[in-house]
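2 protein chains.
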Amino acid sequence: MADSELPTRPKPEETKEAAPAPAEAGDSKNASKNALKKAAKEKAKAEKAAARAAQEKAQAAAAEANDTAKGLYGPIPETEDVIPTTRFSELSEEYYEKEVTVIARVDNARVQSAKLAFLMLRQQGQKVQAVIAAAEPISRQMIKFTGGLNVNSIVQVTGIVKKPEIPISSASISHLELHIRKVYMISEAAQMLPMQVKDAERPPPTEAEEGQSQVDAEGAPIVTLKTRLDNRVLDLQTETSQAITWISSGVAQLFSEYMIKSGSRWIFTPKLVGAATEGGSNVFEVKYFKRNAYLAQSPQLYKQMCIAGDMENVFEIAPVFRAEDSNTHRHLTEFAGLDFEKTFQSHYHEVLDFAEDLLVFILTQLKERYASQIAIIQKSYPRAGDFKLPKDGKALRLNYMDGVALLKEAGVDMSEQERFENDFTTAMEKQLGQIIRDKYDTDFYVLDKFPMAVRPFYTKADPKDSRFSNSYDFFMRGEEIMSGAQRINDIKELEASMRAKGMDPTQEGFEDYMNAFRQGCPPHAGGGLGMNRIVMFFLGLPNVRLASLFPRDPQRLRP
Amino acid sequence: MADSELPTRPKPEETKEAAPAPAEAGDSKNASKNALKKAAKEKAKAEKAAARAAQEKAQAAAAEANDTAKGLYGPIPETEDVIPTTRFSELSEEYYEKEVTVIARVDNARVQSAKLAFLMLRQQGQKVQAVIAAAEPISRQMIKFTGGLNVNSIVQVTGIVKKPEIPISSASISHLELHIRKVYMISEAAQMLPMQVKDAERPPPTEAEEGQSQVDAEGAPIVTLKTRLDNRVLDLQTETSQAITWISSGVAQLFSEYMIKSGSRWIFTPKLVGAATEGGSNVFEVKYFKRNAYLAQSPQLYKQMCIAGDMENVFEIAPVFRAEDSNTHRHLTEFAGLDFEKTFQSHYHEVLDFAEDLLVFILTQLKERYASQIAIIQKSYPRAGDFKLPKDGKALRLNYMDGVALLKEAGVDMSEQERFENDFTTAMEKQLGQIIRDKYDTDFYVLDKFPMAVRPFYTKADPKDSRFSNSYDFFMRGEEIMSGAQRINDIKELEASMRAKGMDPTQEGFEDYMNAFRQGCPPHAGGGLGMNRIVMFFLGLPNVRLASLFPRDPQRLRP
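Chains as they are written, first to last, in the UniProt record's numbering: chain A, 1 to 559; chain B, 1 to 559.
If you are wondering where the hints come from, they were derived from the structure by calculation, not from laboratory data.
It is possible that part of the hints are untrue.
Since the list gives no way to pick one copy over another, a pair counts as held whenever it fits inside one copy or between any two copies.
[Claimed, not checked] Computed list of lysine-lysine pairs in BS3-like fashion (alpha-carbon distance at most 25 Å, straight line): (1) 430 to 367; (2) 492 to 45; (3) 70 to 182; (4) 408 to 439; (5) 367 to 394; (6) 367 to 261.
Please build the complete structure, drawing on both the sequences and the hints.
Okay, structure coming up:
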């Protein structure tokens with residue numbers, strides 16, 4: 001269609017959106033302001049109701065009154081033809097003056113006058129403005145229909161891409177707008193939604209801020225993390241959530257890519273297990289027909305049994321269940337575990353090298369492949385800054401005792417006993433993360449050789465100094481994302497280690513695991529990564545729940 | 001090392017292994033034969049005990065008696081150097097006369113004389129014969145040590161690759177053998193194992209055969225499926241199990257490859273859910289702190305919520321839990337689910353085409369990438385024959401009613417009522433599979449347009465005939481491996497569908513799901529594949545438990 005068919009463009013100020021009214025008055029200071037806003041809101045509501053009533057009549061009237069726009073708007077016509085559509089992400093200046101069809105949500109709809117209405121369209125968080133003005137064949141009825149669309153409805157819009165006189169600052173794609181020729185309803189949203197997607201575009205308040213006010217400095221409603229998670233389907237529609245879910249997908253993809261390239265076999269070990277072998281108190285109990293089962297807290301024993309079964313190099317991507325009553329920013333009761341286990345020939349550092357390269361691969365490739373998503377997320381969560389990787393492409397590896405020494409230099413001294421019997425506290429870990437960032441300019445590093453006392457029974461002791469173990473933790477921004485070790489592969493050594501930890505090697509539920517070593521098992525090591533934590537710390541998110549699609553914690557089992 | 005240093009080769013008949021003695025006498029007919037075997041077995045046992053005693057002394061003696069082989073055998077020397085090793089799969093005629101080092105299990109060890117012993121070595125199921133003969137520097141002590149090694153122990157062997165005079169029929173790599181120069185113990189197996197890996201190389205008896213005899217026609221012990229699964233770590237070491245676990249890994253890999261290439265996002269939805277929304281009786285109950293939770297029977301509702309959250313194209317690879325008390329060859333209580341969900345524009349066949357191409361991709365690529373593994377498995381399970389794929393690379397799609405007609409032609413008639421209210425029985429499905437194989441020469445096909453009455457509440461009815469639905473099943477060899485459909489995306493239609501199925505749309509646990517549609521949701525369709533069933537039917541395995549690493553059924557929670 002030629003440009004001449006289009007109506008005169010509205011002046012830029014006309015297209016500027018009004019600030020949204022808060023859901024409720026915040027404090028007395030804002031009361032009168034809010035009263036005004038409330039009145040305005042009610043007016044808008046009334047207008048919308050009127051628009052709706054008009055819209056309902058519009059189509060019936062169309063046939064009778066010879067609506068010139070008949071067939072150009074309304075419910076989407078039934079067809080089995082696939083109409084070529086354009087993604088917002090494809091749109092560029094090359095599209096100026098071309099006709100495109102898009103499928104998008106209504107982020108906002110506004111009737112400016114009987115002859116003019118605006119839509120803000122949203123596609124996976126990205127926004128483009130669309131405008132409709134009366135000019136043959138577009139009728140007033142069609143304008144009313146368009147301006148009265150319920151927010152969040154999904155529509156199919158055909159229009160001409162135009163260059164706006166000045167960039168549209170409220171749209172994420174600000175250098176173009178759509179002049180509407182057709183608009184069809186695909187899926188209508190209810191008039192009232194529990195929250196607005198645009199209000200969830202801003203980061204949730206911190207715990208300290210929460211409850212202080214219900215509106216922010218600009219008078220926009222503050223949406224708490226709880227409200228966002230309660231309405232996660234709406235929350236997922238924000239540009240930030242879309243980007244975070246891409247990063248999660250990317251971590252899993254990169255992990256599997258690296259493992260498969262290394263010749264590793266993808267395994268699926270049972271989550272329903274017969275005994276609470278990894279610590280009874282933190283395990284979920286399941287009714288299993290006429291007896292009890294438990295949810296696996298990790299695939300640890302099973303991936304080792306795969307190694308004993310000659311599989312040599314295995315990995316798993318599966319949920320991990322923890323019945324810990326921990327209500328913190330970084331604990332979930334169910335999370336995605338990325339596990340691997342691998343034989344080695346002479347020294348467990350063969351596997352540690354492999355695991356370090358795995359993490360460097362994942363983190364480097366995330367930056368390369370998801371640069372645009374990272375940029376979007378940083379707009380909302382800028383505090384942590386860019387994630388720093390080691391410059392030489394090799395992970396920084398220190399020993400646990402090097403960490404102890406670095407902390408001591410900074411004034412945090414552990415007693416001789418504490419060094420060998422305790423692990424670092426979370427606060428110490430964070431401080432160490434800062435010290436290492438300052439000294440080595442990296443947010444990713446590895447600590448090796450943890451004290452034997454703080455590791456599980458299957459961990460191999462350091463043959464040179466039995467106070468320590470052949471075990472390692474991986475850290476991102478001073479918080480642990482992986483724990484791993486060489487495992488004991490000799491049955492006598494394993495039995496002795498269990499006894500030393502006060503466990504009974506003959507206890508029920510361990511038979512199959514113990515037998516795996518009685519028939520011969522090669523030396524091996526491995527590790528388990530928390531996917532959600534990798535996403536959280538890589539992006540510097542304040543809460544791990546933001547890095548889980550539908551998070552589970554002791555308080556939350558829904559949505 | 002030069003060939004001249006090697007001892008004279010034993011005659012071929014000397015190297016032939018004795019048939020293993022049965023664990024116990026089977027029936028009276030074989031009694032005398034078995035008595036002889038028992039005696040032979042006890043003699044072998046006594047010889048082994050003697051060899052062991054000798055072995056124990058061997059090393060102590062070595063130092064004193066100036067053992068010429070000192071340092072060439074015994075426990076593996078400690079070193080952090082990685083000695084280059086060769087994989088059995090790499091070995092070829094190009095290695096003749098070359099020295100190699102291998103790490104492998106002892107599949108069998110036998111002292112032939114004071115000057116000669118044989119090892120059968122096994123690496124991930126592949127077997128290579130090794131021989132050791134007295135000749136400087138190899139001592140009698142070293143020969144005793146080697147021939148007395150416990151079966152299944154893991155050893156590091158260095159030797160010269162030689163061409164045997166005649167192929168070694170008991171080895172899978174029959175055209176070469178290893179003349180031992182060094183042999184070190186890496187991990188020693190116990191003297192008595194609950195079963196021998198070589199006895200698990202043969203397929204388990206069918207249910208009809210089970211209990212008939214404890215030895216087969218050749219007098220070898222019959223290992224039942226139960227024994228194999230009870231000792232799964234040993235069972236995994238067979239060449240067949242190794243190949244099957246590679247196929248499982250391949251199915252998951254190919255699924256994710258196809259999905260990622262299509263722009264799909266990898267999702268992780270919760271397995272702990274607050275309500276038994278998909279049928280209360282078949283769901284496992286979990287103690288969740290002070291209340292109850294349930295294990296998700298599928299990610300159905302959650303992947304739809306991701307679509308409602310604008311994710312457009314998602315996939316998941318995760319365990320699926322079914323509390324069905326079904327004790328059949330194809331039911332598990334926990335299996336690996338491959339799920340996807342996708343928006344479409346005009347017709348659900350856009351998604352069905354996508355899903356068909358997905359399966360054709362997986363099945364075609366399995367044949368291409370895993371030809372050697374498939375060949376190994378077919379040696380044990382030849383009955384089903386090669387899996388037939390459609391010749392033109394496109395899936396065969398029939399309607400449910402076409403299936404009804406094909407069955408009718410074959411004499412299986414369903415009443416008018418049955419056609420619309422029932423699904424095919426398992427027997428009918430199998431028969432239909434045979435009819436389709438005969439007629440269309442394919443083992444993979446799709447049935448579309450199932451009766452609405454047999455599909456779940458969220459299934460979209462066929463707009464042209466509401467007795468049917470926009471739903472499909474995928475079949476391999478006449479058994480279902482996937483179920484899928486267009487889903488209802490309109491809240492009013494969904495509520496009506498629930499009511500029509502006798503469900504209450506306002507019931508607890510459904511709020512979040514229902515709200516996902518109240519805020520607008522694009523048209524979408526998807527499906528859920530059972531990974532273990534794909535492996536089972538592709539390979540023609542008699543039992544799905546053979547296609548699960550550690551299977552779970554109502555009777556089995558271990559290993």
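Verification of the supplied hints:
{"no.": "1", "hint": "430 to 367", "result": "within (23 Å within a copy, 50 Å between copies)"}
{"no.": "2", "hint": "492 to 45", "result": "between (76 Å within a copy, 24 Å between copies)"}
{"no.": "3", "hint": "70 to 182", "result": "within (10 Å within a copy, 90 Å between copies)"}
{"no.": "4", "hint": "408 to 439", "result": "within (15 Å within a copy, 79 Å between copies)"}
{"no.": "5", "hint": "367 to 394", "result": "within (16 Å within a copy, 38 Å between copies)"}
{"no.": "6", "hint": "367 to 261", "result": "both (20 Å within a copy, 19 Å between copies)"}
Violated hints for the displayed structure: none, as all numbered hints are satisfied.
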